[in-house]
Each structure stands twice: as C-alpha cells, then as structure tokens.
Amino acid sequence: MKDRKSNEPTLPSRRRVLIGLGAAGGAFTGSLVAGAPAQADNESVTNAPVSDKTLERQPFYGLRQAGIVTPRPAAGMVASFDVLAKTPTDLVRMFQTLTEEIAFLTQGGEPPQLDPKLPPSDNGILGPVVTPDNLTITASVGASLFDERYGLKPYKPARLVRMASFRNDALEPSLCHGDLSLQFSSNTPDTNIHALRAIVKRLPDLLLLRWKQEGSVPPIPVKPGVPPGSARNFLGFRDGSANPSPHDANLMERIVWVQPDSDEPGWATHGTYQAVRIIRNFVERWDRTPLQEQQAIIGRHKATGAPMQGTTEHDLPDYTNDPEGKITPLDAHIRLANPRSHGSEANLILRRPFNYSNGVTKSGQLDQGLLFIAYQSDLEKGFITVQKRLEGEPLEEYIKPVGGGFFFTLPGVANERDFLGRTLLEAAGAAQPGN
Amino acid sequence: MASNPPSAQSGRPSPALMKLAIAGAALLVIVAGVAFYVASQGAKRAQTGTTEGALTVTITDATCNPNEITVAAGPTTFTIVNNSSRTVEWEILDGVYVIEERENITPGLSRSMTTKLAPGDYDITCGLLSNPRGKLHVTPSAASTAEAAKPSMTAFIGPLAEYKVFLVMEAGALVTATQQFTDAVKAGDLGLAKMLYGPAHAAYKHLEPVADRFADLDTAINARATYFEKQEEDPAFGGFHRLEYGLFARNSAEGLAPVADKLLADVTALQQRVRGLQVPPEKMASSAARLLTKVANSAAMGDEDRYSHRDLSDFQASLEGSRKIVTLLRPLTERANPDLAKSLDAAFDATATKLAGFKPQDQYLSYDRLSEADRKALADQFASLSTEITKLNAALGLE
Amino acid sequence: MTLRLPLMAAALAVVIGSLAQTARAAVAPMDLVGPVSEYKLYVSEKLQKLVADTKAFTDAVKAGDIEKAKALFAPARMSYEAIEPVAELFSDLDVSIDSRADDYEQGEQDPVFPGFHRIEYGLWAQNSAAGLGPVADKLMADVNELDKRIAELTFPPEKVVGGAAALMEEVAATKISGEEDRYSHTDLWDFQGNFDGSRKIFELFRPLVEKEDPAFVEKVEANFATLDKTLSKYKTGDGFETYDKLTDADRKVLAGAVNTLAEDLSQLRGKLGLN
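Chains as they are written, first to last, in the working numbering: chain A, 50 to 484; chain B, 2 to 400; chain C, 202 to 476.
One chain only, chain A, in its complex shape (with noise of 0.2 Å):
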C-alpha cells in the first residue's frame, strides 16, 4: 500500500513506465480518426473514437521545460492553484511531488494497483495505462509565492508582477493570479483533463485550485506539399502568424530564455516569463461585421491567413511603402502588436495560444474566446509592451480580457533527483538537492 502522508516522494520505479511500446520520441501533431474502424461483431455508438497517437510522448527532463518551445497540440489547457504549503518544508514537499507526479504523467506508465476497498490511485480516464499522448505540463510560479509566507521575497524574478489591469480589461478576481500556473497541453481534452485530477488528487493539503480554463485549436486536414499554417482562432482567423520560429535557436535563446548573464536572479537561468489572458471574444457581434472590416481590425486577409499585400500566411508584414497605412490600417492588430519599426523587434514574445469556449452569459450569448499563453524572457519588454502597443485597437470592441496572470515558468528539471523549483528554494537556503 502506498503510504500518500510519506514525505519520501514515491520512486518512477514503483510504476511501470512505458518503454518500447513503439512510442515516437519526437513530437508530430496527432489527429483523433474519428469512427471506429469497421468491426460489425463489436458495432457501437459508445465506442470510443481511435488515436494512433495516444503514445506520441514528449520528453519531461532537460535544461528548461516543455510545453513553451514544443510544437502546439490540439488541446489546452492553464489550471492556477493557491499553495498552501504552511512551512518551508511543506514548500519543498509540493514541488517534489508534483515534479514526480508530472514526471509520470507525461512518460505514461501503469499507476499503482491498490485493495478494491481503497479508492484507485488513478481516476481511470484513460484506461488502466496512463498513456502520454504528448502531454507536457509547464510549472511556472506567481508573483504572489514571493510573499511573507516562504522567505522568498528576495528572490522574486525581477519582472514578475501581479497582473494589473490594462485599460480594456475587465478583469473578474475569480479568474486571475495564483501561486503557482500548470499549463497542460496534449493531443485530447481528457489527457489533460485527466493529469489535472491526477496532480489535484495527489496535493489536496498543498495545493487549492484556484481557477483553470481549456483550449483547442481546430486541425487540419493534411496537405502533401502545403507548408503548415497557424490554428484559426473563434475570429475565424489564423493565430500565430509570425510567432517567431521555435527552430531558430539564437532567437530562442534572445527572446524566450533567461540567460546566464541576465539581470534576473540566478536560479532563474533557463526559465522563462508566461503571460496568461483569458480574453473573452463577443462573437455574435464579430460574425454580422462585414469582412473587410474583419480584415481591416486585424490587418490580415482572413482565408489565407496572409498580411494585406501579401499571398501566403507566412509572408512577412511590410509597411515600409505605407505610412499612412493605407493598405494595412495603422490601427490594424497586427500592426499596431507589432509594428515592425526598428527596435520593434526587442518586443518578441511566442504566443502558444488556445480557443476556449465555456457556457452562455445571461444575455443568452456565447461565453467563447482566446486563451492567450504567451512566453518572454523579459515581460516588460514582451507582453507589457505589447499590450500597451494596443491599447485603443478597433478590435478592443470585440474583445474584453477577463482573466489570467503573469508568471514565472520555473527551469527544467535535469534529472529524477531534480525537482521544480529547486534552483529558487536552493538560493533561498531552504533546499538540500538530490533528496
């Protein structure tokens, strides 16, 4: 039996990872095959819809996270907790077991058996094998952790704020902030659904959800010869055009990743700021705008996903022979996000975006919007700037943010006597490494 009050973390060898299962090491975006193949002796409209993709897996240890820089599945989804950690220790506690519980869930492997008269260990969604179905999930901490509580107030990354309004928010308490964000993302809902109530479980004493918020994104179908286009958003326009390049490593290194040499606190090397908004889109409204006003708010043509004098989706913005903005709009979203003038590109930020769509408000319209994740290695340059560069957009009639935060996403976990959060509690003194 399991003893769940140890404060030994449970060693990976207790479960059973998966190895050899034909797993691919890399990651390619999964497509659910709807429909159960034809099977006329077992034909049933509950049969569950197949995935060949169920074992695509993403790498847990290295130098900095997941989730940030890996290609963008179909699912998401932001959870924010409040830690309830009392004591140093139980700090230390948390991270270890949710670094151990994250370690699992996103190798996949088969969660312990327990006596039929004990709850299961696992909720079961998946199956009696956790599979990974490239899940990453991304630990990042909120200014809120650097309080009195755990002496960390030293130590707080030097950007990291809490979230303050911008001028078109209409940001509801309920849905902002937290200690500590978790962002899942997989091929399916339920992968992510089900390693949130699995880490839910695990932390009951240290951990309080606070609030969360799913995403998708709409796939494609596959084109031979078509290079890949950017997700459409609920504006029924492609999000992500010119996010910047996760292959190009030197940009990487320049705009995502806090370097060794930077003004942040030390441990803070190889993490990453996270900028969280959930911004609610008024889609009925959208949908009876005439077109060209569509693509004149957002600067883009709306089928193709390309910039107004361009062909394709991945031709770069120029405003170079427009200055008055007369074949994309000065007041245009993308321009305005980012308008490509010099110094403009000390602004980059790589935005990891998902569609959510929740309930119906009580004027009887759709609850739908913009999950927006995005990460910097300096906010102030990234994010703040950016959002402050829109203030005033024509777009901000069709959008209101009302939730989200500003984070820290901690470094990578090395190796399995690692943990989250280690480098921060280490400089803080109140770590010993590799327990």
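One or more of the hints may lead you astray.
[Stated by the list, open to error] With a straight-line Cα cutoff of 20 Å, these simulated EDC-like cross-link-like pairs (lysine to aspartate or glutamate) come out:
id : chain 1 : residue 1 : chain 2 : residue 2
1  : C       : K453      : A       : E333
2  : B       : K151      : A       : E373
3  : A       : K449      : C       : E411
4  : A       : K411      : C       : D445
5  : C       : K360      : A       : D336
6  : B       : K151      : A       : D371
7  : A       : K449      : C       : E404
8  : A       : K437      : C       : E306
9  : B       : K325      : B       : E283
10 : C       : K472      : C       : D429
11 : A       : K449      : C       : D303
12 : C       : K360      : A       : D371
13 : A       : K375      : B       : E283
14 : A       : K351      : B       : D95
[What the hints assert, rightly or not] Looking from chain A toward chain C, a few residues come up when the C-beta cut is under 8 Å (computed):
id : residue
15 : R337
16 : G408
17 : K411
I should point out that these hints are in silico values taken from the structure, not numbers from a laboratory. For every residue, glycine included, the Cβ atom is placed at its ideal position computed from N, Cα and C.
Chain A is fixed; fit chains B and C onto it per the hints.
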C-alpha cells in the same frame, strides 16, 4: 388554377413545389457561372469599329491574344475582335467584380470599349469560360497618383452634413437674435435696437455663403437701398438695411414696426428653407470664394452698412462663415494638397489679423473712420483670400 | 424524394438570397448628407437634455437628497443611451461616464470607479450620498466635455449608419441580462434609450433603403414594433418597471427581436454603400 400546398397526408409534393424545385435545381447548376453576370448588370455601351490608339485583343476559340497586357492607368480603349466560332464576351475582373465588359460579340465582329483603369492587377476573361484567364497589369501614372489623393464622394458626406448642421443652428440663432432686435425696434427702444442690430445682422452674414440659394429671401432680408429705384424712399426697400436706415440715419423707430415684422417672418421662413437645403460639395468652396469677393468690393466701397458703419463686424461674420466651410473641408484638403491647406490657414489668419487691427479696445472702428488706403488694403486682403479659396475645388477633384 | 425537395427549396432560397445581397448599393453618397445632418441635430437635442438632466441629478446628489437623485438617475441616462454610438467615439469619456464595476479590479470598492454607476451604487446599494460629491462633479464635467467634443465632431457617416446595429449589440450584450444597472434595476429605461436611438437612425435612412429593399425595411420595422409593444407593457407613468419585473417570456421575446435587429441592421452600411 390555385396551386395545392403539400399536405401532410398526401405524401406527394404539390406540382407547384416540384416546379419550383426543378427550377431551383437548374439555377443551382448554373449559379456559379451566373454570379458575376448578375453582379455586372451595368449600362451596356454598344460601340463598333476600331478607335485610334486602341489596344486590340483578338479572341480565338481557345485563347485571347494578347493574354497578358500592361497599360498605364487612366482612360484606355480596347478593341475586341472575335475570331472565334462562338458569340463571346470579354471582361476585366477585379476579383469577382466586373470592372468593364463587352458582351454578345458575334463571330467575325469587333467591339470597342473605353474604360478608366486604376492601378492594380486584374483578370481578363477570354471568350469561353473554360478558357484560361489572362492578366491585365495597370501601372500607376502621374495622373492616377494625383487622382488617388483626391477624396471619394463618400468622404464629403461628413463635411456636408456638418455644414448643414451649422447652417441650421445659425438659422436658429438668427431667428432668436432677430426676434430680440425687432422687439426692441417695435418697443421704440432706440438705444437697445441699435445695439442689437449688429449681432442680428452678423448672424445673417454667417449664412450668406448660401444666400443665393434663397435669392428672394436674401433680397427681402438684406438688400441695400441702391438696388431700388427710389433708393431709401422705395416702398420695396425693407429688411435689415431699412431698419438700419431708420435707426441710424433718421434716429427714429417711426414706421419701422411693419418692416420689423416682415424681417422676422422672412428669417423664420429662411430657417425652414435652410432645413431642406442641399449644398453640393463643389458649392461649398465656390460660394465661400464668391462671398469674399463681394466682401472685398464692399470693403473698398464702404457701402455694406452705410448708415451704421458697422461694416467691420459684418466682415468678421462673413469671414467666420467662410472659414467654417474651409475648416470642414480641411481634413480632405490636408490629404489632397497639404500645401494648400497650410496656405489657406495662413490667408485666413492674415485676414483676421488685418481686421483685428481695426479693433482698438475691443470695439470695431466706425467704417467711415477708415482711410482710403486702409479700405483698399482690407479689400486686397479679402480678394487674395478669395483667390486662395478658388483653388480648393480643383484640389479636391470637384472640378 | 419527399425529403429532398424542402432541401432544394431551401437551397434555392439561399441562392436567391445571396444573389440579392451581391447587388451593389444604388445610393449616391450625396443622398446621405441629409440624414447624417439630421442625426447630428438629433444628437445635439439629446445632448442638451443630457446636460440639463445631469445637472439636476448631480445637484440632488450633492445636496444629499437621495430620493430625488434616485428619481432623476434613469431619465438622465436615457439621453446618453440614445446617443451612445457617437459618445463611444470618445472612449475616455465613455469610460468615465458609463463604465461598470466589473471594469475595475476592486469592483465597487475601487476608488477609481466613476460615473453614473458609481453614484448608482451609493444611492441604491448603500442608500447614501456620502462621499459622492466629487464623483458627481466629475460626471457633470465629463458630460459638458462630451457636449463640447460632439459639437466639434464631423460625424463619420459609417459610424452614424452603423450606430443602429451597434445600439442593438449593446442591448443584446448587457441590457437584456440586467447587468447594466445592477443596483437600481433601471435597465428597461436604458433599453428604451438604446431602442429610440437605433430606431431614429433607421428612420432617417429608411427612405434610401426602401427603394432597393422594401422587404428588409418591413422586417426591421416589424421587429422594432415588437420591441416597442413588449417594452410598453412595462411602462409606468413617465418611466418603467424595474428589471426584475420583466417576465422570462418577455425577456425571450425581447432577446429574439434584438438579436434579429442586430443581424439585419448590420447590413445597413453595406446596403447604403458605406465602408
């Protein structure tokens, strides 16, 4: 014969509905090809024969020759020759919109087509719809670049609506001021009436740019004695200047009551007319220029208010009324010809400064106190302002 | 066979509908000058009333006369709600005059929470005018500033025409749900203001659209009539019942009419050849 609507019991749809469905099917099949025909139901011009300097396009069964054309922007003439075996059409398309086309060109015949092309890349349809489309590249020309700076008609809606509102509000202010003025006249309060003459008259001046649109009322409200055979004694002489004559020249309100009543009735009628007024865009600048030329003449002669000598405040009101017009057009002028926008500002400012020079201690001098040289200088200033304004219509593409 | 026909009839209807919509507007730009100028005159009248009503309202607030202030709150807002498409062009003033507690991090307790709704909160939720003096003064100053700025504004014609739909979007998003005036529950007053403003714009441009598409005009008028008829049920003297009196059934009728009007009026600009 009434058609039978389908009933739940019959199980067979009515003949009417079936016919509709079949017609619908036919429509569905050809709708793709029909779409841009429908969109292009513009006027069809029938021209035959070749035109001097035209670009010839020959349509054969499978193609057009040439199928890739480059021309400069501006009016262009094409001669389309049908050397194919079917009746064809030839179109210039911008996306799905037809810019211009020639339909029903019979085999062996040619048709001519002149159109004004704006810079851009277009498709050309080439005979049969199954033929591959050609390309038309229209390069910018000096004329087209200048043209692009000119505002579209839609751009004038805002300024014209604003001017209309100004006129309506000013007309309302005129009625109020005239009411107060004529009340004082009828009460025999000379001092008050003399004081109120200026503001009431100035309110009319604000409307004067469009005065020629209501010439009958203009004569009744503002004609000077010199227009009438018997001048000041002429019974038809009325309005502001008749009251001015009584108050300032005769220093009496005697007999003025009916004149006052008529004036009030006339400005009230004017208010109604202004509400229904439609000022075409080209009239805005031209009426301001014309008014200021009149002002220049009056400045030289000193005969606007020959009894009260309040000419200077009238000139100021005319200046304000004209400046309103130019100000409303300014955003369009700025885009079309920024230098002209600046020079107009400068000219207005200079004129205002010149006027202010005759306003010691915040009171305009009596016009009879101005020297001949001063009057001429003032007249010249207004004349040159008027000349500047006459450049507006050309700059805005209204000429 | 029987199943296919309705499908084809529907497809036919779609085709005919789309053919009608590709027709370009036959409205000359100069035809729009009259209605746009009339709209500005309408807005000027509403603004004069807004200034006068706001003065009376803020005076009552500053005098601590809670009952009087409460009585004057909703009527003052009607003029603002009627002209919202133009007022919104000045977003700083719109925020300062009309924003709600959700736009502020600390909600009702946020010291920056301004305008009509801040005063509404004091009067209804706290039954007190204490501390509202400065808020009232700022509201009056903002309304005066709005008056001045609108007087100097050349109204963009597409904003005028688009305003009819924009007002219905306002109602669809916040007035239908009762979130606009959550302390006083005077949402139906605001609703009437939005409705008047939208209908005014439509009526001004109606003759131009009627030539091209009388069926469209008939449909829009029918929906306006439904709104009018339904809202009228809640009239009391000079004003309206509070939002909680709105029955579920009527709320749904209103929502249906409002959403359909938003859809239909969203075509007005295109039909008039604007934007």
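A quick look at each hint next to the structure:
1. C/K453 x A/E333: Measuring from Cα to Cα gives roughly 17 Å; hence the hint holds.
2. B/K151 x A/E373: holds (15 Å)
3. A/K449 x C/E411: violated (36 Å)
4. A/K411 x C/D445: OK: A/K411 and C/D445 at ~14 Å, within 20 Å.
5. C/K360 x A/D336: Distance of about 18 Å is within 20 Å: holds.
6. B/K151 x A/D371: Given pair B/K151, A/D371 holds - Cα atoms ~17 Å apart, limit 20 Å.
7. A/K449 x C/E404: Violated, at roughly 32 Å.
8. A/K437 x C/E306: holds (18 Å)
9. B/K325 x B/E283: Holds, at about 15 Å.
10. C/K472 x C/D429: violated (25 Å)
11. A/K449 x C/D303: The hint holds at about 11 Å.
12. C/K360 x A/D371: Violated, at roughly 25 Å.
13. A/K375 x B/E283: With a Cα-Cα distance of about 26 Å, the restraint between A/K375 and B/E283 is violated, given a limit of 20 Å.
14. A/K351 x B/D95: Cα-Cα ~18 Å, so holds.
15. R337: holds (4 Å)
16. G408: violated (13 Å)
17. K411: Given a least distance of 3 Å, the restraint on A/K411 holds.
Checked against the numbered hints listed earlier, the structure breaks hints 3, 7, 10, 12, 13 and 16; every other hint is satisfied.
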